[in-house]
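Residue numbers (our numbering), protein chains in the order written: chain A, 3 to 251; chain B, 3 to 251; chain C, 3 to 251; chain D, 3 to 251; chain E, 3 to 251; chain F, 3 to 251; chain G, 3 to 251; chain H, 3 to 251.
The set of hints was computed from the structure by calculation and includes no laboratory data.
Just so you know, even glycine gets a beta-carbon here, dropped at the ideal spot from N, CA and C.
There could be a bad hint or two in this list.
[As the list claims (entries may be wrong)] Covered, in the sense of this in silico footprint (three residues per stretch, anywhere, with C-beta under 8 angstroms from a C-beta of chain F), are these stretches of chain H: (1) 132 to 146; (2) 168 to 176.
[What the hints assert, rightly or not] Label pairs and their in silico Cβ distance ranges: (3) Val97(E) with Glu56(H): 53 to 61 angstroms; (4) Glu142(A) with Ala83(C): 51 to 59 angstroms; (5) Glu142(F) with Arg245(E): 35 to 43 angstroms; (6) Ala96(E) with Glu27(C): 18 to 26 angstroms; (7) Glu113(F) with Leu29(E): 24 to 32 angstroms; (8) Asp91(C) with Ala96(G): 46 to 54 angstroms; (9) Ser78(D) with Ser78(A): 34 to 42 angstroms; (10) Ala79(F) with Glu144(E): 23 to 31 angstroms.
[Unchecked claim] One side of the interface only, derived from the structure: several residues of chain H facing chain F at Cβ under 10 angstroms: (11) Ala57; (12) Arg64; (13) Leu66; (14) His69.
Number of protein chains: 8
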Amino acid sequence: MLLEVQEGTLNPDEALTQLQRLPFEDLGFARIDHHRNLRSGMPEVVFGEGKSAEAISAIAGRILAHHQRVLVTRVSADKAAEVRASLPDLAYDAVARSLYCVKEPVASPGEGSVAVVTAGTSDLPVAEEAALTLHVAGVEVERVYDVGVAGLHRLLGELERLARVRVVIVVAGMEGALPSVVGGLVDRPVIGVPTSVGYGAALAGFAALLGMLTSCASGVSVVNIDNGFGAAMAALRIVRLSRKQGSDD
Amino acid sequence: MLLEVQEGTLNPDEALTQLQRLPFEDLGFARIDHHRNLRSGMPEVVFGEGKSAEAISAIAGRILAHHQRVLVTRVSADKAAEVRASLPDLAYDAVARSLYCVKEPVASPGEGSVAVVTAGTSDLPVAEEAALTLHVAGVEVERVYDVGVAGLHRLLGELERLARVRVVIVVAGMEGALPSVVGGLVDRPVIGVPTSVGYGAALAGFAALLGMLTSCASGVSVVNIDNGFGAAMAALRIVRLSRKQGSDD
Amino acid sequence: MLLEVQEGTLNPDEALTQLQRLPFEDLGFARIDHHRNLRSGMPEVVFGEGKSAEAISAIAGRILAHHQRVLVTRVSADKAAEVRASLPDLAYDAVARSLYCVKEPVASPGEGSVAVVTAGTSDLPVAEEAALTLHVAGVEVERVYDVGVAGLHRLLGELERLARVRVVIVVAGMEGALPSVVGGLVDRPVIGVPTSVGYGAALAGFAALLGMLTSCASGVSVVNIDNGFGAAMAALRIVRLSRKQGSDD
Amino acid sequence: MLLEVQEGTLNPDEALTQLQRLPFEDLGFARIDHHRNLRSGMPEVVFGEGKSAEAISAIAGRILAHHQRVLVTRVSADKAAEVRASLPDLAYDAVARSLYCVKEPVASPGEGSVAVVTAGTSDLPVAEEAALTLHVAGVEVERVYDVGVAGLHRLLGELERLARVRVVIVVAGMEGALPSVVGGLVDRPVIGVPTSVGYGAALAGFAALLGMLTSCASGVSVVNIDNGFGAAMAALRIVRLSRKQGSDD
Amino acid sequence: MLLEVQEGTLNPDEALTQLQRLPFEDLGFARIDHHRNLRSGMPEVVFGEGKSAEAISAIAGRILAHHQRVLVTRVSADKAAEVRASLPDLAYDAVARSLYCVKEPVASPGEGSVAVVTAGTSDLPVAEEAALTLHVAGVEVERVYDVGVAGLHRLLGELERLARVRVVIVVAGMEGALPSVVGGLVDRPVIGVPTSVGYGAALAGFAALLGMLTSCASGVSVVNIDNGFGAAMAALRIVRLSRKQGSDD
Amino acid sequence: MLLEVQEGTLNPDEALTQLQRLPFEDLGFARIDHHRNLRSGMPEVVFGEGKSAEAISAIAGRILAHHQRVLVTRVSADKAAEVRASLPDLAYDAVARSLYCVKEPVASPGEGSVAVVTAGTSDLPVAEEAALTLHVAGVEVERVYDVGVAGLHRLLGELERLARVRVVIVVAGMEGALPSVVGGLVDRPVIGVPTSVGYGAALAGFAALLGMLTSCASGVSVVNIDNGFGAAMAALRIVRLSRKQGSDD
Amino acid sequence: MLLEVQEGTLNPDEALTQLQRLPFEDLGFARIDHHRNLRSGMPEVVFGEGKSAEAISAIAGRILAHHQRVLVTRVSADKAAEVRASLPDLAYDAVARSLYCVKEPVASPGEGSVAVVTAGTSDLPVAEEAALTLHVAGVEVERVYDVGVAGLHRLLGELERLARVRVVIVVAGMEGALPSVVGGLVDRPVIGVPTSVGYGAALAGFAALLGMLTSCASGVSVVNIDNGFGAAMAALRIVRLSRKQGSDD
Amino acid sequence: MLLEVQEGTLNPDEALTQLQRLPFEDLGFARIDHHRNLRSGMPEVVFGEGKSAEAISAIAGRILAHHQRVLVTRVSADKAAEVRASLPDLAYDAVARSLYCVKEPVASPGEGSVAVVTAGTSDLPVAEEAALTLHVAGVEVERVYDVGVAGLHRLLGELERLARVRVVIVVAGMEGALPSVVGGLVDRPVIGVPTSVGYGAALAGFAALLGMLTSCASGVSVVNIDNGFGAAMAALRIVRLSRKQGSDD
């Protein structure tokens with residue numbers, strides 16, 4: 003719709019009125035926004051934490067009825083098994099703790115791939131949540147894992163790969179210094195994801211969050227602690243800037 | 003250099019050795035990185051807070067000797083006057099509290115413009131710091147000011163303009179809700195800048211910062227409180243993705 | 003009593019002396035305030051967290067012996083089963099995690115209904131605690147669920163219903179932006195309830211709490227995180243302003 | 003407009019379209035919402051902190067051109083003098099640190115008065131900001147000052163007056179206990195305003211804020227620290243519930 | 003020893019040398035200070051949290067070998083059962099979550115009793131920890147429970163009892179306002195104990211702690227959150243001021 | 003009055019009624035509690051911070067009209083000079099930053115003296131506020147200054163003096179360890195006063211406050227940061243326990 | 003390598019190039035830095051928290067294949083049993099919660115021993131983690147346990163032992179005062195380790211951390227809460243300063 | 003004295019008795035510890051913040067009467083001028099904001115020099131405070147300034163110098179990542195000093211402090227924010243480990 007507005011084929015006043023009538027499906031306790039796919043390049047993604055297996059099944063089932071893809075984040079293994087009993091098409095990624103389904107190959111939403119970089123092996127679940135989200139969205143992922151700043155030589159050997167992607171997602175816990183170093187070496191958009199890895203003064207990820215926000219490398223932006231999904235969606239917004247035509251499933 | 007690596011004309015090992023020899027100029031108390039222009043699309047920007055007028059003059063003078071552009075952020079009016087006494091080429095933007103100089107028209111670093119959106123009139127200094135940084139970098143800016151969520155109709159009337167830009171920077175203090183609303187309406191990359199506007203529970207910008215980090219609109223990323231400069235540099239990294247050739251002054 | 007004082011039929015000095023003699027029932031470990039019904043329109047409500055099933059049964063039993071209604075909040079399913087073994091008149095609302103009993107239809111305490119609005123489906127337990135409290139108090143409830151600010155069109159379609167109620171309770175976690183938007187669109191009293199939904203920078207509800215306290219929509223007031231009961235009681239104080247005569251069971 | 007919707011004389015779709023076209027006046031750096039008077043019972047109120055005297059004069063002047071009343075909060079004595087040089091109709095209340103003008107008697111927006119209660123004499127500026135806001139809105143105010151909980155007899159002697167008002171605003175710093183005590187004695191809506199009075203563990207008002215949010219008296223709601231204006235606007239929303247007809251200047 | 007110094011029968015230099023030789027018993031992982039009884043009126047009290055049943059049994063066994071009394075605080079029911087299997091002389095107080103033994107009646111350490119006052123029934127465990135500590139120390143306790151400030155009449159009826167004791171311990175969670183009210187009505191030493199009762203803004207007892215520290219009633223002092231034991235020991239220091247002769251078991 | 007209740011010569015119900023009628027003097031913006039002298043051993047003490055010289059003069063003048071003593075804490079030198087222009091009987095203690103007047107020798111409120119101990123020389127202002135408060139209350143003070151734990155020998159040489167007093171007030175900033183050490187060596191009541199001395203992790207006194215609250219020496223109680231006055235009032239409550247008859251001026 | 007640089011036998015440029023090629027072993031999800039042994043005197047130590055037994059076995063197995071020693075910290079008893087099933091050479095230290103193996107006597111990395119001092123018995127796990135780390139590194143350890151500041155005589159009796167070591171590690175929870183006292187008595191390097199022992203205001207170790215950072219004894223440095231391993235590694239860096247020749251296994 | 007104990011020529015009991023008699027000079031408000039020079043290698047250093055020029059002059063004058071060296075940290079230029087009027091032997095270092103005097107060349111307290119490394123030019127005052135303290139203590143200093151992690155090549159070029167010193171002090175604000183990188187490249191003891199450089203999420207140095215405490219490079223220890231003096235004293239404790247004989251002035 004906004005594209006039409008942009009191209010002048012839709013009057014903004016009418017756009018507003020249409021906005022109010024955008025299709026969503028009311029399950030009583032939830033309203034599913036089937037139109038989001040068009041707007042963001044992804045169908046509505048279900049945040050699984052704090053939702054029952056029944057609720058997840060109901061919502062994911064309705065999304066699958068309309069779209070080729072679905073993603074449910076933050077699902078425990080037990081809950082995932084329950085959901086899969088009623089929705090066997092869903093696969094479960096135990097590291098990313100997410101349920102997902104990609105019915106058929108999705109056209110890439112834009113040009114280029116996204117690198118997912120981690121400081122340590124404990125950052126894996128968050129990194130894989132980002133990678134899986136990008137995979138469901140049809141974006142190619144480069145994994146560059148365990149290259150924290152205490153052993154710089156591991157990162158320096160990977161600069162060549164980082165120079166080839168469109169966006170770099172940097173996942174790091176503890177002091178969260180890796181985005182600063184990457185941001186100083188690479189001119190691509192860098193999105194930092196602090197993780198809750200660490201203890202004591204790590205403050206469940208806040209040390210890393212504050213560190214990334216005050217990064218001395220200019221132009222690094224940040225998402226919430228452990229929010230691999232959010233970083234992937236921010237990267238997707240950037241990748242989609244270069245798409246030739248809208249893609250939907 | 004990284005471009006050469008990317009194109010295969012430079013061996014990564016040699017790149018590293020070159021990296022160590024990158025030109026910087028040692029003033030004794032500071033090392034100016036004259037190569038940064040090539041890497042980031044901007045010459046080294048001077049953070050003026052806590053630096054004396056003499057130090058700023060020395061550093062900015064050296065940068066101007068090598069580049070067509072210079073930017074000094076966070077400079078009070080008094081200090082700016084002192085600096086301009088010795089460097090009259092610098093102009094002072096009192097709202098953005100920054101000294102700058104653009105000697106000759108800069109080629110745009112990429113395609114498209116960047117929108118700077120504010121929630122209230124008190125967010126102006128931060129917004130103007132972002133706008134000025136983009137101006138110095140050669141990027142065109144769309145200003146959409148005073149469209150906070152308590153009066154939604156003001157924002158809804160501007161959606162058309164937001165649909166035309168490449169990146170949207172949203173500057174907001176107090177509860178920092180505007181990026182969520184904009185991120186829900188626009189599919190462009192959205193960079194939130196919390197401001198220290200407010201008192202009490204606003205916690206000098208932390209309420210807005212936390213609010214933006216936990217935005218229910220997926221794919222919004224965030225920079226430090228009041229960091230208009232950082233948001234502009236993050237936008238610049240995105241805009242430069244579409245450049246045909248490197249631009250320098 | 004305060005009504006009598008207001009009407010001049012009771013001398014304030016005597017009122018004080020009476021205040022000291024107000025009836026409460028001493029169970030040894032607890033003092034039940036049977037007079038509260040008259041003062042607040044609700045019998046004393048039991049905060050179930052940290053109380054044993056035995057203690058809850060003893061207190062709730064004594065309240066039921068004097069009143070037509072009882073409410074016990076923050077009770078787990080297991081503890082509820084134990085209490086119901088000895089007090090089978092109590093029903094258990096698993097979403098609101100509360101035990102309650104309304105022996106006979108309660109006269110409305112005033113004019114009009116109260117809307118309970120949520121940003122997402124994870125806010126349901128808190129919203130239902132508010133709705134159940136209002137139900138026990140005899141107030142009609144309008145539920146408007148899953149209308150968060152990232153999909154504004156869902157809220158805009160419900161404005162008509164919000165225009166009909168006397169008070170709007172807005173329940174939201176994460177960045178807590180919904181009360182600001184509702185407060186800007188509706189002129190009714192708006193009571194914000196932050197929820198602990200979210201992770202990382204959501205700070206267990208503090209991001210939402212700070213966001214609501216610094217709302218740019220003037221006249222929004224706030225209660226404690228997850229305190230659906232408190233919001234309902236604040237709404238009840240407003241609704242009771244229009245009552246013709248005191249109502250008790 | 004919402005009243006029309008409520009009465010069925012306006013279709014909600016049309017309402018939305020109108021919403022987008024609501025009149026605001028664009029000063030370049032600010033957009034004045036002249037329609038707010040109708041919606042909230044007050045013209046747009048100017049938050050003076052961080053605005054220059056010139057900006058305040060420009061905005062307040064435009065409001066006075068359209069309305070009978072204006073209020074500018076958080077203005078220092080010096081800035082107030084500057085503004086009054088160009089807008090001599092404005093009076094300055096030094097305790098409430100606010101500029102205001104009420105051109106002609108305003109019809110009361112509803113029934114009854116509002117009590118403003120303080121714990122100590124240092125809470126006066128916040129209390130007077132609330133009182134002045136209510137005065138500009140046409141609501142009668144009862145002042146009950148310096149009745150903190152360390153000397154309960156001072157409060158007990160004023161219960162009679164509190165029983166006569168529609169809403170009670172309780173302003174308190176330090177431990178912020180007064181709203182709990184008032185809320186236990188009075189069945190009216192109670193709005194707590196924590197103040198930044200105190201030092202050390204008072205945490206610039208956060209001890210009082212946390213204390214009010216966790217009040218053991220149910221149904222107390224809270225606004226931001228030192229936000230006398232916000233408490234008055236919340237009270238105004240309640241008082242307006244009983245109005246016979248809309249009032250405007 | 004300090005008494006001897008005070009009476010001039012011991013030279014301070016010698017006192018120091020003796021201090022270094024004070025008897026403690028080294029269990030390898032712990033050093034039991036058998037002399038503490040004389041210094042503080044209580045044998046060394048064991049903090050049970052984080053110690054194994056074996057460690058507790060070993061330490062408590064050695065204390066019982068030298069003294070008539072022992073107290074172990076913060077012991078779960080399971081761990082208590084294990085300890086009692088090897089030390090059957092110990093009794094377990096399930097509310098105070100403490101093991102204790104008083105072999106024979108202890109002479110009172112001074113004049114007068116101590117009141118333990120609670121705001122609500124959820125504060126009981128902390129209050130009973132204080133009461134049990136005082137009981138083991140030989141001090142008489144007055145329990146005044148469930149007299150929180152939301153129902154002032156309950157407290158006012160107990161003032162007579164509070165006027166008879168030497169020290170008042172006030173235990174309260176949530177906003178922690180009760181010590182302020184008690185401190186304003188009673189001229190005895192008042193020791194506040196914040197409890198972790200509450201949720202959200204109660205911040206696990208910090209709202210109450212901050213509230214008590216900023217109490218508007220002067221002369222209220224405070225101990226750590228949930229530290230009933232510490233409040234009892236502070237009261238014991240005061241009660242012992244009036245003792246005629248040292249008492250030991 | 004409470005003494006009468008205690009002695010049975012006053013019925014508690016009547017006591018309450020009298021409580022409500024306790025004399026206070028209403029200055030419009032403040033209510034002076036002339037009865038406090040009898041209740042707490044001190045006339046009402048004026049908290050000078052945030053009060054104008056005029057307000058202080060008015061309140062202090064009224065107190066002096068009824069009592070032999072007055073104390074105004076937290077007064078800057080400039081404000082003190084203004085107040086003394088109208089109330090020349092007041093003396094100003096520049097270290098304690100307090101105005102005071104003791105018209106004639108006050109009978110001691112009880113037996114024994116109070117020690118005021120400091121860790122460093124920067125804690126002096128807080129210590130002197132405590133000492134001056136005790137002086138005005140008629141209590142003798144022992145000053146033991148600059149005996150912090152980094153040079154233990156300085157403290158060990160003063161144990162003899164500490165063994166002679168009734169109460170020990172320990173004033174310390176930075177890590178606030180001194181009360182733990184003193185509490186382990188002395189069996190008297192120990193009241194800790196954290197000070198805001200220090201920087202960075204001292205967190206304006208919170209490091210010391212937290213340290214004192216978690217003291218490993220049992221029975222140490224604490225007052226607010228920099229609250230020398232409050233510590234003195236807590237000590238006064240203890241000293242008064244041994245008084246033969248009430249003393250007033 | 004840095005030694006060679008220091009001795010002039012290696013050109014720094016070449017050193018850099020070598021740095022990039024330092025050997026690490028890529029397990030896919032982890033990169034093991036086999037060269038760290040030479041650089042830090044310890045093979046890479048595995049942080050066990052948040053790693054599966056499989057991952058730990060894989061990494062520890064590869065380290066053992068190259069080195070005589072391995073250490074895995076923060077491993078629960080259950081996980082340790084799983085790991086030992088596949089790597090029976092590993093021993094488990096239940097107090098230090100660590101797996102380790104020292105195949106043959108390691109030559110001391112330098113002169114002298116390190117003292118590990120604790121304030122209480124609850125600090126044992128952290129102290130033993132430090133002691134085990136030093137043992138694996140070949141450093142002799144002096145244990146001085148349970149000498150907290152509330153019973154100074156226990157510490158004073160151990161000064162002789164502390165005077166003999168090269169570095170003193172001081173482990174303390176609650177108020178964390180012990181490093182200040184030790185730092186005032188001993189001139190050796192003192193490294194403070196705050197522990198999470200305590201509750202309420204202990205803030206899970208932050209009270210101790212802040213206390214140690216603001217220690218009034220100059221020259222005390224600090225590591226993260228509960229980080230016994232880190233303190234041992236800091237001590238190892240100091241001990242290695244006096245080594246005659248590099249030692250490896 | 004401790005050396006004598008170590009060598010067995012002094013009985014520990016006698017040592018204690020001597021400890022109590024250690025010489026300090028009592029100025030009334032301060033006790034100067036003239037013996038500290040022997041214990042720590044530095045005479046007592048005066049913390050100038052919050053002390054008057056008169057107090058500083060008195061204390062520094064007494065120290066100069068006994069020692070060849072004196073250091074007063076945290077002195078403003080104005081206060082320094084006042085002090086120098088009475089003590090003209092003192093020099094003022096405006097960057098380090100410290101007064102000092104070194105009457106004659108001091109013998110080095112041990113072997114080797116100390117490097118002071120900074121991330122940016124704004125960290126200079128803290129770095130120079132460390133360097134000046136080391137200079138007064140007779141330790142040689144290597145300055146390596148402005149080598150922050152956003153431009154790694156600046157640091158890599160200085161590794162050779164860092165390999166030559168005994169201790170590395172790393173001074174950094176904002177995200178405080180530099181100690182992690184240095185600690186990963188250098189095997190010397192690394193002491194991190196967070197600075198309060200930065201704004202917003204830098205939290206006045208806490209982001210850097212938390213970052214350094216959670217450094218992924220093992221064996222980095224940390225001192226308080228902006229505490230250049232403390233880092234120098236910690237380095238001095240290490241350097242003194244290798245001294246041949248005690249040095250005093």
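Status of each hint after checking the structure:
| no. | hint | verdict |
| --- | --- | --- |
| 1 | 132 to 146 | violated (count 0) |
| 2 | 168 to 176 | violated (count 0) |
| 3 | Val97(E) with Glu56(H): 53 to 61 angstroms | holds (59 angstroms) |
| 4 | Glu142(A) with Ala83(C): 51 to 59 angstroms | holds (53 angstroms) |
| 5 | Glu142(F) with Arg245(E): 35 to 43 angstroms | violated (22 angstroms) |
| 6 | Ala96(E) with Glu27(C): 18 to 26 angstroms | holds (25 angstroms) |
| 7 | Glu113(F) with Leu29(E): 24 to 32 angstroms | violated (42 angstroms) |
| 8 | Asp91(C) with Ala96(G): 46 to 54 angstroms | holds (52 angstroms) |
| 9 | Ser78(D) with Ser78(A): 34 to 42 angstroms | violated (56 angstroms) |
| 10 | Ala79(F) with Glu144(E): 23 to 31 angstroms | violated (48 angstroms) |
| 11 | Ala57 | holds (7 angstroms) |
| 12 | Arg64 | violated (13 angstroms) |
| 13 | Leu66 | violated (18 angstroms) |
| 14 | His69 | violated (16 angstroms) |
Checked against the numbered hints above, the structure violates hints 1, 2, 5, 7, 9, 10, 12, 13, 14; every other hint is satisfied.
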